[in-house]
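Colleague: As you go down the protein sequences, you meet chains A and B in turn.
Numbering follows the working numbering, in which position 143 of the first sequence is assigned residue number 143; successive positions increment by one, without gaps.
In short: position in the second sequence from 1, add 1000, done, that's the working numbering.
Do not rely on the hints blindly, as some may be mistaken.
What the hints assert, rightly or not - For the chain A half of the interface with chain B, some residues (derived, Cβ under 10 angstroms), not all of them: (1) A63; (2) D94; (3) P95; (4) T109; (5) I110; (6) P181.
Everything labelled a hint here was simulated from the structure, so no lab data went into it.
Backbone N, C-alpha and C fix where the C-beta goes; we use that ideal spot for every residue, glycine too.
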Amino acid sequence: MTSTIDSTGAPGFPAARAAKCPFDPPPTMQALRERTPLARVRLWDGTTPWLVTRYAEQRVLLADPRVSADMTRPGYPSPAPISDAPISFILMDDPEHARLRRMVTAPFTIKRVEAMRPAVQKIVDDLIDDMLTGPKPVDLVQALALPMPSLVICQLLGVPYTDHDFFQEHSSTMINRDAEPEQRRDAAGRLFAYLDELIGEKLTEPGDDLLSGLTERIRTGELTRPDAAQIGVLMLIAGHETTANMIALGTLALLEHPDQLELLRDSNDPKLVAGAVEELLRYLHITHNGRRRVALEDIEIAGGDHPCRRGHHPGQRHREPGPGDLLRPRPARHPAGRPPARGVRLRGAPVPRAATGTDGTPGCVQHAVPAHPHVATGGRAGRGPVQTRRLGVRGVRASRDLVTLPPEETP
Amino acid sequence: MKVTIDQDRCVASGQCVTAATTVFDQRDEDGIVVLLDPNPPGELADDVRHAAAVCPALAITLTE
């Protein structure tokens, strides 16, 4: 039990990544994973829950009904102080979790997302055109990585894109682990108030969008207005920060693997492109907080005597091939719970240097857009000059939550 | 090969539809899995195994 485990010296979680290997999990976490399937880590509030370090155990545990995602339960390893806003369904258990979640899944079926392809393609093409005709150098994050998913999620939710600056600022504060708890709480409150007001407008004048769909549920009594606003906050954040990071990091990763980039750029095979996007999703970590759960009863993990009643914490995804396993056969089971790449593969080796692309690097950007795995794009692939300049990793400013490519350091 | 699905567990990720389009589909209203073919032909076995392996909710069971 917890009392018999010495948790002094438990490493802090989330841990810092190595400056020289921005794509790899933090060295501390890699070392833990190699050593043990289960380790104590120390959170921001001084608590020391368990970290489940490996994929196999994580996968089984996350499907185990004896663990709970309900952040109001005692012992839940919270990533931040609890705010006053209503709790999002991702921090609830079934049946309430499933009931609320299923209210917003319809636009994300494979068919519906596929139907969005032309609209998403147009957004990407327009942004790339702007990059090609605009002043150089250009900041990929500001010119493409951020606006692209923002425009898509705004269309989908029915949020005016003109408010982009407002929600971009507050959502990045909300997930910025360097921000003070009070700042994060304030940002969450402002975003919530914004979505609540928008829902109010859509109650009187519904449109053909996801938020308007939620107002119908409010009318039928299935959903409260605060719950609807909270779902809006969740989707707005989930819809653009994650994708923006994937575009930026995916572009960097491909520039670091020119052979893979070439394969991708020269291909007209949508399956290869889709596989490459899956591989990028597997290869790159874009969330640092891990999946958090609290055990409802003692659970034996990894065949060992590691009962944990207090909050434990499935850790970051176990990646295969790991660093250095360049020629390892493709795993039959995909570590990130996604299909393995078909045709495109990224090495799991530590990345010694990062590079930034200028002049739009449309070839790689085009393919690196994982708005959804199945909205990997075709369109303008290969158009325009691709010019890259190798910079030391210092040339890329990698915040802990968002990667930015500083224009002053690109040619 | 016999395929069974658990719609209560399903989280509508759609990974199975991508893996084996003729075996799995999604409900229009919430994306929950629909089984089109509980006894898929042998040539689809790899795709169906892949679908089960990548399902994030472990909602697909195979009996071979």
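Colleague: With reference to the structure, classify each hint as holding or not holding.
Modeller: To see whether the hints hold, each was checked on the structure:
Checking A/A63 against chain B by beta carbon gives a least distance of about 4 angstroms; that is within 10 angstroms, so the hint holds. The interface hint given for A/D94 holds, since its Cβ lies 8 angstroms from the closest Cβ of chain B, which is under the 10 angstroms cut-off. The beta carbon of A/P95 is positioned within 10 angstroms of a beta carbon in chain B (closest approach about 9 angstroms), and the interface hint is therefore held. Among the interface hints, the one on A/T109 holds; its C-beta lies about 4 angstroms from the nearest C-beta in chain B, closer than the 10 angstroms criterion.
Interface restraint check for A/I110: the shortest CB-CB distance to chain B comes to about 4 angstroms, inside 10 angstroms, so the restraint holds. Nearest Cβ of chain B to the Cβ of A/P181: about 30 angstroms, over the 10 angstroms cut. The hint is violated.
Of the numbered hints listed earlier, the single one contradicted by the structure is hint 6.
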